[in-house]
Each structure stands twice: as structure tokens, then as C-alpha cells.
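So the protein lines, in turn, are chains C and Y. Under my numbering, think of the first position of the first sequence as 1, with each following residue one higher. Under my numbering, think of the first position of the second sequence as 1001, with each following residue one higher.
Be aware that one or more of the hints could be misleading.
Computed Cβ-Cβ distance ranges for the label pairs, DEER-style [as the list claims (entries may be wrong)]:
hint, chain 1, residue 1, chain 2, residue 2, range
1, C, Glu147, Y, Leu1011, 35 to 41 Å
2, C, Val126, Y, Val1083, 38 to 44 Å
3, C, Asp151, Y, Glu1108, 52 to 58 Å
To be clear, the hints were calculated from the coordinates, so they are not data collected in a lab. Note that the structure is a prediction, hence the values are computed from the model and not measured. Think of the CB as a built atom: it goes at the ideal place given N, C-alpha and C, for glycine as much as any other residue.
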Amino acid sequence: MTHSQVRAQFPILNQLIRGKPLVYLDNAATTQKPQAVIDRVHQFYETENANIHRGVHFLSEQATQSFEKVREKTRAWINAASAREIIFTRGTTDAINLVAQSFGRLKIQAGDRVLISEMEHHSNIVPWQLMCEHVGAQWDVIRMTDEGELDLADFEAKLTPYTRIVAITHVSNALGTVNPIKKMIAAAHERKIPVLIDGAQGIVHAKVDVRDLDCDFYVFSSHKLYGPTGVGVLYGKSEWLNTMPPYQGGGDMIQSVTFHKTTYNVIPYKFEAGTPPIAEVLGFGAALQFLEKIGMEFIQQHEKGLIQEAVKMLKGISGVRLVGEAKERAGAVSFVMEGVHPHDIGTIVDQEGVAIRVGHHCAQPVMERLKVPATARASFAVYNTIEEVHALGRALENVREIFK
Amino acid sequence: MSDLRELYQSLIVDHSKRPRNFRKMDHPTHQAEGFNPLCGDRLHLSLKIEGDLIQEICFEGSGCAISTASASLMTEALKTKTVDQAHALFNKFHGLITSAPDREPPEEPELGKLQVFSGVREFPARVKCASLAWHTLSSALEKKGLVAKTE
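In isolation and in its complexed conformation, chain C is listed as follows (with noise of 0.2 Å):
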């Protein structure tokens, strides 16, 4: 497909907003869907609808099949060893928050530590937090240096005998550093420690392949990769998934249920309580079959351009300075610019049809680090044009003549 081919794929993309045509670089938030996806979840509820799983009459032996497709899609996706080591969840936080609390109780106690990064969405810091307050263990937190990067020395110190898991983002939401988590991990497990990756950008701007990053755990959502909302993928090492408790109870988990004992279901059902977002998983996997389509490199370099193109604008306007200058980025350019809180500029060049993201992006202590109130954020996808890093550049030379 060509560039154009594929845009002409997203129906959304054909509309004024005030006016003018929209411009949406606010793809770190969300993604916008082709029409295979759409497609997808309105076919699922106009012909196929039925509950998976438990049903022996036709629709739901073909929407259990269609299912269990998408598990297995997304396995091969990212490369993992089998489908039960890919759990379905409603996102990326979900999947954290499973992770934090089923790991926490199988793993972590009192005196115990977790090691977790000033970069991260609070998502990645949070359910840590309440897992740690519960217990009565601590949590680390790996330096950033003021260029948005890791600092891998403080890194490596703050690995202890008695930190039980690693959790880091792939890459920043805030400020599109892609961190070095290759390395990250083996130096982990040199100490026989087990990292858990947030992948929710990490899997939208390069091909990921769980096995030859050795993650113990690796999370991400799929309305960021051009899929429904409501559905995210939770990878974890059969060794781990196995043995740790289940989370939530319900329909589907269990083996069989008494009012003297339950006994669990295995992997990955174990983890999948109650009806999940049926179509959503679908469209997820239309989602994934777009993206094989067009091709993960195709996607890689096109993006790669456009950050050039929008690091080298932004430069260029007197008063803008970029937040996050990592040698190696991917997705989100977030930017300053002196005198106009970036709240101001989201209202003005949303004026102009363009939509970024202003504010903390929920990572304060990002913010706090580098030290500034809020951020604007431009973030790209496929879809994206070097005319739309222009129109970007007059909104903001528009923001610069009001605050003259």
C-alpha cells in the first residue's frame, strides 16, 4: 500500500473540525481505526454475536474459534513460546494492576522492594504503590537524566537482594524516549530478578519480539495500536503465569466451584474471568492484520521521518523548547514554549483543527523531574503527514502572534 492508501483507510481523518481539517496528533491518547476494524465489530454484532467458551450450538463454536484466532494472532505478534502466555485484559493498566496484585501475593512482602522509574505513566506506579503500601514493601525509583534518558548507573544500584521485580516503560508517553530495556532485563536477571515492561507505546512504533527481549512480563493496550477500546494484552512467562494466584474470580477461571472448595482453571483462562470484550479481541485482530498488511518497518521508518521533521520545526520557533531530547525516540515530541502555558496552546491551535495533548500526560513525577508545570505533546502515527507536522508549525506561530 501507499501512504495514501493507507490514510484513505481511516474514515475519521475526512472532517472539519472548526472548519478546518483535522489534524490529530494525539496518537500516544489514542489511535485512530480502519475501516477493517470497524468492519470488524459491526460484522461481529450483525452476524456472528454469541458468548464464547461455553455454548455447543453453532454461533458460539464460531465466535469461540474467532476468539481463540485473535490469541494466537497476537502470540505470533510479538513472538511469545505459546497462546496461553497471552492474557486478554480490558488495557494496559488492567493488565498492570493484575500483574502488581497476582505476582505481589505469590512474591513480594514485607521488607521486600520494587523497582520502578521516574519516567513512568502512572499507571506503571501506581498499582505498585498500593501492592507495596499493602504488604509493607518499599518501592525504588531509577533516576532520569535531564536529557528524559535513564540513568543506567543508578539503574544497576538500585538493584538489591531484596528487590523482587523490575517494572519500566518501553517507551515514554511523555517524551518518546525508547529506553535500552534489552539490556535493562539481562541485567535483572543476572540477579534473578523479574522485569515487567509497559509496552502500551512501546508496541506501536516498532516490532516487538518478547523472547529476544526475555521479559518476564510485557503489557499493552490495543486501542493504541489501531484497535478497539476496552481490550489490552497482558504476556507473561508461563513459569510465572502458572504459578501465580488468580485475580479476579468469576465465570470461566474456575475448574469447578463448591461451597467447600474451587479449583482454578489453567492458563491463560485462569486470568480471564467472566465474558471478555468479545468483538473488541476481534476487532483487535483485524487491527493486527492491518498492521501486517502495511508492515511494522514501513511503519517504523514513515514515523521516524515525521519526528525529524517535527523535532526540526519546533527548533526553529523562536521561544519553543523540546522536553525530552533522547538520542533514540519514538511516537511523542513534547515541547515548551516561553510565556504560553501549554494549556494555552491546546486551546489555540485546536482552533486551527489541530489536536495534541496538554498537561502532565499522567506523569507527574516526569514533570516534577524536569521541571516543568505541563507539557504540549504531539504524538504520530501512520497515518500522519509532513504537511500535518506543517499545519502544527502554523498553529504555533498563531499561539507566538497572540502572546507577542
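Got chain C sorted already, so can you dock chain Y onto it with the hints?
Coordinates of chain Y only, in the frame set by chain C:
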């Protein structure tokens, strides 16, 4: 673009760049913190009230143009007013910024320069920025000692 010009009028831009009564107060009789968690607007409001008269009022903090200008214009409007007059102004101001955007804003001569915030009605996400200073004022007058939030 006219909506935007209405919101970011020169008065608002001026007050956001050069906020009036922007300083620390020694020995305030009333004070409160205001915080907008959605965007990080933060302000500290201090008042010197003698009897029921607002003798002095000033603020510190950091925030967007709308919240800063709103606080600045509020302090200008409230100096030498009574506490009752301050409450009445809050009601009028709140009524103004939450009134339906497709109609002419209510005419309230007592609002004076504050009328400039009628433009914020077109930008619902920014209403909280405009009202932060006033919610903080309310909190300070009630001497609750809590942080005023816009949620």
C-alpha cells in the same frame, strides 16, 4: 478565529503576562490554595480582611493565561469590596461563564472588566481555568483550610 480572539483578548493576554497583585502577603487573615489537577494550574490566594472589608488581596502561583488573568482581574475587582459583595460577584461571574454559549451573555454591569470572560463559554475545557481563582476565594473566605479544587 473570532471565538479565539474573544477568549484571548488583549485584556486577558495583558493580565496573564503582567498579573496585577501578584505577590506574597505577610500575615494574611485569610488564605487558600487552588489547584486544577487536569492541567496543573496552581495558585495561592491571600487576603487581609478587616471587619467585613477586603483591604488587601493578592496571589502567587503558576498557570495558564486564562487562570492567571482571571485571578488578576478578580483581585482588582475585589479590593475594598465587602465579603458579601465578593460572594455576590462570584455568583454573577459563575453565572456568566456557565451560561449557554449560543446566547448573548447576561449583562452584568457590576462585573466590569470580568465580563471579558464571556468568551470562555465556547471552550468548556477552560471554564475550570477561569473559575479556579474564584473557587479558591470561596475556600479562603470559609477558612476551611482545604485546597480548593475545580473537580
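Here is what the structure says about each hint:
1. Taking the beta carbon of each, C/Glu147 and Y/Leu1011 are about 40 Å apart, inside 35 to 41 Å as hinted.
2. The beta-carbon spacing between C/Val126 and Y/Val1083, approximately 40 Å, falls within the hinted interval of 38 to 44 Å.
3. The hint said 52 to 58 Å for the Cβ distance between C/Asp151 and Y/Glu1108, and at roughly 55 Å that hint holds.
Checked against the numbered hints listed earlier, the structure breaks none of them; every hint is satisfied.
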